[in-house]
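Participant: Chain by chain, the residues:
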Amino acid sequence: MILTKRFWREAGFVVGLGAVVGLAVNARLIREYIKGGLNPAFISERAYPGAVLISLPEAEDLFAGGQGIFVDARSVEEFQAGHIAGAMSMPYEEIRNTDPERFVAALPPGKMPVVYCSGGDCLTSLALAKLFAEHGAGEIRVFQGGWEEWIAAGLPREKVDDPE
Amino acid sequence: MIRNKTLLFILRLLVGGLFIYAGVLKVADPVDFARDISNYRLVPPVIAFLTALVLPWIEILAGALLVLGVFRRTNALLIAAMLVFFIVLVAVTMVRGIDVDCGCFGTFSRKADWTLILEDAVMLFMVLQVALAGEAGKPAPAARPRKPLP
Numbered sequence: 005m006i007l008t009k010r011f012w013r014e015a016g017f018v019v020g021l022g023a024v025v026g027l028a029v030n031a032r033l034i035r036e037y038i039k040g041g042l043n044p045a046f047i048s049e050r051a052y053p054g055a056v057l058i059s060l061p062e063a064e065d066l067f068a069g070g071q072g073i074f075v076d077a078r079s080v081e082e083f084q085a086g087h088i089a090g091a092m093s094m095p096y097e098e099i100r101n102t103d104p105e106r107f108v109a110a111l112p113p114g115k116m117p118v119v120y121c122s123g124g125d126c127l128t129s130l131a132l133a134k135l136f137a138e139h140g141a142g143e144i145r146v147f148q149g150g151w152e153e154w155i156a157a158g159l160p161r162e163k164v165d166d167p168e
Numbered sequence: 536m537i538r539n540k541t542l543l544f545i546l547r548l549l550v551g552g553l554f555i556y557a558g559v560l561k562v563a564d565p566v567d568f569a570r571d572i573s574n575y576r577l578v579p580p581v582i583a584f585l586t587a588l589v590l591p592w593i594e595i596l597a598g599a600l601l602v603l604g605v606f607r608r609t610n611a612l613l614i615a616a617m618l619v620f621f622i623v624l625v626a627v628t629m630v631r632g633i634d635v636d637c638g639c640f641g642t643f644s645r646k647a648d649w650t651l652i653l654e655d656a657v658m659l660f661m662v663l664q665v666a667l668a669g670e671a672g673k674p675a676p677a678a679r680p681r682k683p684l685p
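One line per chain: the protein sequences are U and X, in this order.
Reading the first sequence from the start, the letters are residues 5 to 168 in my numbering.
Reading the second sequence from the start, the letters are residues 536 to 685 in my numbering.
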């Protein structure tokens, strides 16, 4: 029999020591987590250089003031079914396999791109912001609440009607 | 079963080394790893967070001890258990089709596929050879002289 008492004793030691070291080394991070100082979806801006995360009020300001251009990172089908009013469709899954620079060039100059995806913990918007940053885009905002938060707040939206 | 000591040492070095490498990469950015775990959508955030803090250290420790030959069989089995868990996790995630329409895995998404399962399976095979070969200095169980039949 391979799972002897000795195995459990030694395995307990290795796992226990790993746990103690892991918790001790990250004590500062644990305190930060308890205080609620960490992003709930564990998204660090460091992992997505070029992306500045914004919340709904900031997104609304950029929308209302007209300084922002909303960029929908979801699929074309999702975009057609409904999107933030005036948004451009830039589906991440397609863009990353084609020519990101062409899409960066298509962003209207003088406007702050605000990238969004479905909302919740979707990461497509962050991935798109990172891709754009790598291909020469300037500052980009990421609206993490995304489509879900936008419609929940009853803000302007539109959809692409089926061609008749 | 492999009995060649040099070969067994190379297997320990390979698997242990890979576990140390994987652990060190994750230790460097636990928050990032917590996000990767969250993306599997199997555990609540607090569990993902704690796992991200602890699991990389267990990987490093088990990998290092396997290379050094301390608790050899235990660490080989522990690593085997982790590999089985990873294989099941990736398979379940693929079956659930989580990444289909949102690209939600970031850079990790490209790795959570059949090639990852295959890599884990190869490592599992290698580390099981170490586990079955027995402890240093002792003959492997199957190599012990059998009692003569009555």
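Check the hints yourself; a few may be wrong.
Unchecked claim - Calculated Cβ distances over 10 Å to all of chain X for the following chain U residues:
1. F11
2. E14
3. A15
4. G22
5. A23
6. G26
7. A45
8. P53
9. G114
10. A137
11. A157
12. R161
As the list claims (entries may be wrong) - Each pair of labels, with its calculated beta carbon distance range:
13. E654/X - P53/U: 35 to 45 Å
14. V581/X - E105/U: 46 to 56 Å
15. G604/X - P53/U: 21 to 31 Å
16. A616/X - E81/U: 24 to 34 Å
17. I582/X - V80/U: 15 to 25 Å
18. F620/X - Q71/U: 29 to 39 Å
19. F620/X - V56/U: 29 to 39 Å
20. V578/X - R13/U: 43 to 53 Å
21. G604/X - R100/U: 38 to 48 Å
22. A616/X - A109/U: 16 to 26 Å
23. D103/U - M536/X: 31 to 41 Å
24. P579/X - K39/U: 54 to 64 Å
25. Y556/X - E152/U: 50 to 60 Å
Because the hints were derived from the structure by calculation, they are not lab data.
All of these numbers come straight from a predicted model, not from anything done at the bench.
Where is the CB? At the ideal position from N, CA and C, for every residue including glycine.
Participant: Against each hint, give a clear statement of whether it holds in the structure.
Facilitator: Consistency of the hints with the structure:
no. : hint                        : verdict
1   : F11                         : 5 Å, violated
2   : E14                         : 4 Å, violated
3   : A15                         : 5 Å, violated
4   : G22                         : 3 Å, violated
5   : A23                         : 5 Å, violated
6   : G26                         : 4 Å, violated
7   : A45                         : 7 Å, violated
8   : P53                         : 13 Å, holds
9   : G114                        : 29 Å, holds
10  : A137                        : 14 Å, holds
11  : A157                        : 21 Å, holds
12  : R161                        : 19 Å, holds
13  : E654/X - P53/U: 35 to 45 Å  : 29 Å, violated
14  : V581/X - E105/U: 46 to 56 Å : 41 Å, violated
15  : G604/X - P53/U: 21 to 31 Å  : 42 Å, violated
16  : A616/X - E81/U: 24 to 34 Å  : 42 Å, violated
17  : I582/X - V80/U: 15 to 25 Å  : 36 Å, violated
18  : F620/X - Q71/U: 29 to 39 Å  : 49 Å, violated
19  : F620/X - V56/U: 29 to 39 Å  : 37 Å, holds
20  : V578/X - R13/U: 43 to 53 Å  : 28 Å, violated
21  : G604/X - R100/U: 38 to 48 Å : 45 Å, holds
22  : A616/X - A109/U: 16 to 26 Å : 51 Å, violated
23  : D103/U - M536/X: 31 to 41 Å : 54 Å, violated
24  : P579/X - K39/U: 54 to 64 Å  : 18 Å, violated
25  : Y556/X - E152/U: 50 to 60 Å : 38 Å, violated
The structure does not agree with the numbered hints 1, 2, 3, 4, 5, 6, 7, 13, 14, 15, 16, 17, 18, 20, 22, 23, 24 and 25 stated previously, though it agrees with the rest.
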